[in-house]
Amino acid sequence: MAPAEATRRVAANPIRALGRSTLAAIRSVGAVAVFAVRGVATALTPPWFPGQIWRQFGAIGFFSLPVVGLTAVFTGAALALNIFTGGGRFNAEQVMPQIVALGITRELGPVLAALMLAGRVSAAIAAEIGAMRATEQIDAMRTLSTDPFRYLVGPRLLAGVLMLPLLTAVADTIGVAGGWLVATRVLAFNPTVYIRNTLDFLQAWDVVSGLIKASVFGFIVALMGCYHGYNASGGARGVGRATTHAVVSSAILIFASDYLLTTVFTHAAR
Amino acid sequence: MGVVVLALAAGFLTYSLSVGGVRTSRGDYEISAKFGEAGSLAPGAAVSVAGVKVGTVSRITLEPKTYLAVAKLSIDPSVKLPADSTAKITSDGLLGGAHVAIAPGAALEDLKPGGEIQNTQGAVDIFGLIGSVIRPQGGGAAAPSAPAPANPATQPAESY
Chain E
1 MAPAEATRRV
11 AANPIRALGR
21 STLAAIRSVG
31 AVAVFAVRGV
41 ATALTPPWFP
51 GQIWRQFGAI
61 GFFSLPVVGL
71 TAVFTGAALA
81 LNIFTGGGRF
91 NAEQVMPQIV
101 ALGITRELGP
111 VLAALMLAGR
121 VSAAIAAEIG
131 AMRATEQIDA
141 MRTLSTDPFR
151 YLVGPRLLAG
161 VLMLPLLTAV
171 ADTIGVAGGW
181 LVATRVLAFN
191 PTVYIRNTLD
201 FLQAWDVVSG
211 LIKASVFGFI
221 VALMGCYHGY
231 NASGGARGVG
241 RATTHAVVSS
251 AILIFASDYL
261 LTTVFTHAAR
Chain D
1 MGVVVLALAA
11 GFLTYSLSVG
21 GVRTSRGDYE
31 ISAKFGEAGS
41 LAPGAAVSVA
51 GVKVGTVSRI
61 TLEPKTYLAV
71 AKLSIDPSVK
81 LPADSTAKIT
91 SDGLLGGAHV
101 AIAPGAALED
111 LKPGGEIQNT
121 QGAVDIFGLI
131 GSVIRPQGGG
141 AAAPSAPAPA
151 NPATQPAESY
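Residue numbers (our numbering), protein chains in the order written: chain E, 1 to 270; chain D, 1 to 160.
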């Protein structure tokens, strides 16, 4: 009977593990949704904490400018070189400015800015809130009748949604400038013709759709940081795990929602 | 550091706007032209006289009654076009988009703002041209042209 019992358990184990992980995945989707709704509700209703909101605008927006700017300038430059090579294969090097501008504004500007923010901001938020959770500061906050959601999560969500589009606007400009630099210095394009081609070609929707994407990405970055930090458990190791999870999950969600949004925009434009 | 990035972005933006010129709001006047075939002409395409850009295509709509494409052209106010000018859609290159080339006429009066260019020539369908060269008969007669060359060869053989 004992050997039979053992084989049964071995046979059942993978199924049990599968069931357990499925349930855990569904559970965490629900938890994130509830967390998001609560966070949005506190972000949109008074009372607000202007000092906190202002500080998060600075931390998420202003101090991310150097990282985002550097990423954008090098991406624009590399993109220009690559499209020049690719366009050369069917004698269409001259459309390079337009393609660089389109690629930067519609896709690379928002996605790269969001990814840099996932690394810089999401991790910082998760570590900060996770450490507060580990040292029971969040419980202390509740004891002092301050809603930790209102004080910690709301301002960060607001800052993410409002700041990432602004960062993306800067990234778009700097990215096109990077492409322009390479095109004029290395590939002997005429500087004014390059810019005129770009401006004539770009439509408002190219830029606006990128900014809409950016604000969704900003929400994801802030939400993932807050969620994983808020639910961190297990002391210092828990904080480390929360940070990793925040960065990985926000990066994956950024790409997934990027495809989704692009699909919606493509159908809407038709 | 953030200030430096902002300053660089602002500098590039002002430079490009000063160079590229968003010139639709400079008192351009608008005229219209009807084409039988607009092809790949799109809003934002250039309008040129003798190869020099004098304006842009601002809007393309379909006139429901006549099924003609109506292009609104906004033209630089310093350029006065004679009333009998000809508008023609030409392509920028083999892969490029299309633009409107205007050949000025000889009439004494000019086109008024809101006026219409009467003489137009729509986009040329390059693939249609290629097709008509390959199958010169055109229309229904050209449809069975694939077996047609075989027929003269086989017919004598059969009637023989």
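Hint data in this document are derived by calculation from the structure and do not stem from the laboratory. The reader is advised that the hints may include incorrect statements.
The following label-pair restraints were derived from C-beta to C-beta distances [stated by the list, open to error]:
no., chain 1, residue 1, chain 2, residue 2, range
1, E, Pro191, D, Ser40, 56 to 66 angstroms
2, E, Phe63, D, Lys112, 49 to 59 angstroms
3, D, Ser40, E, Ala24, 24 to 34 angstroms
4, E, Leu81, D, Glu116, 28 to 38 angstroms
So the derived list for chain D, only partly shown, Cβ under 10 angstroms to chain E, looks like this [unchecked claim]:
no., residue
5, Gly2
6, Leu6
7, Ala10
8, Gly39
9, Pro64
10, Gly122
11, Ile126
12, Phe127
13, Ile130
14, Val133
15, Pro136
Keep in mind that this is a model prediction, so the values were computed, not measured. Where a beta carbon is used, it is the ideal one built from N, C-alpha and C, also for glycine.
Verification of the supplied hints:
As the Cβ distance of Pro191 of chain E to Ser40 of chain D is approximately 28 angstroms, the hint placing it in 56 to 66 angstroms is violated. At roughly 57 angstroms, the beta carbons of Phe63 of chain E and Lys112 of chain D sit within the given window of 49 to 59 angstroms. For Ser40 of chain D paired with Ala24 of chain E, a C-beta distance near 53 angstroms fails the hint of 24 to 34 angstroms. Under the hint 28 to 38 angstroms, the C-beta atoms of Leu81 of chain E and Glu116 of chain D, about 46 angstroms apart, miss the expected range.
Contact between Gly2 of chain D and chain E, as hinted, is supported at the beta carbon level, the nearest pair being about 4 angstroms apart and thus within 10 angstroms. Taken as an interface hint, Leu6 of chain D checks out: its beta carbon lies about 6 angstroms from the nearest beta carbon of chain E, inside 10 angstroms. Hint on Ala10 of chain D holds. Least Cβ distance to chain E is approximately 8 angstroms, under the 10 angstroms limit. Nearest Cβ of chain E to the Cβ of Gly39 of chain D: about 18 angstroms, over the 10 angstroms cut. The hint is violated.
For Pro64 of chain D, the interface hint is violated, since its Cβ never comes within 10 angstroms of a Cβ in chain E; the closest pair sits about 21 angstroms apart. Below 10 angstroms, beta-carbon pairs count as interface contacts, and Gly122 of chain D has none with chain E, the closest being about 22 angstroms; its hint is therefore violated. Hint status for Ile126 of chain D relative to chain E: violated, with the closest Cβ pair at about 16 angstroms, above 10 angstroms. A cut of 10 angstroms between beta carbons decides the hint on Phe127 of chain D: the least distance to chain E is about 17 angstroms, and the hint is violated.
The criterion of a C-beta within 10 angstroms of any C-beta in chain E is not met by Ile130 of chain D, whose closest approach is roughly 18 angstroms, and the hint is violated. For Val133 of chain D, the interface hint is violated, since its Cβ never comes within 10 angstroms of a Cβ in chain E; the closest pair sits about 23 angstroms apart. Evaluation of the Pro136 of chain D hint against chain E yields a violated restraint, the C-beta minimum of about 30 angstroms exceeding 10 angstroms.
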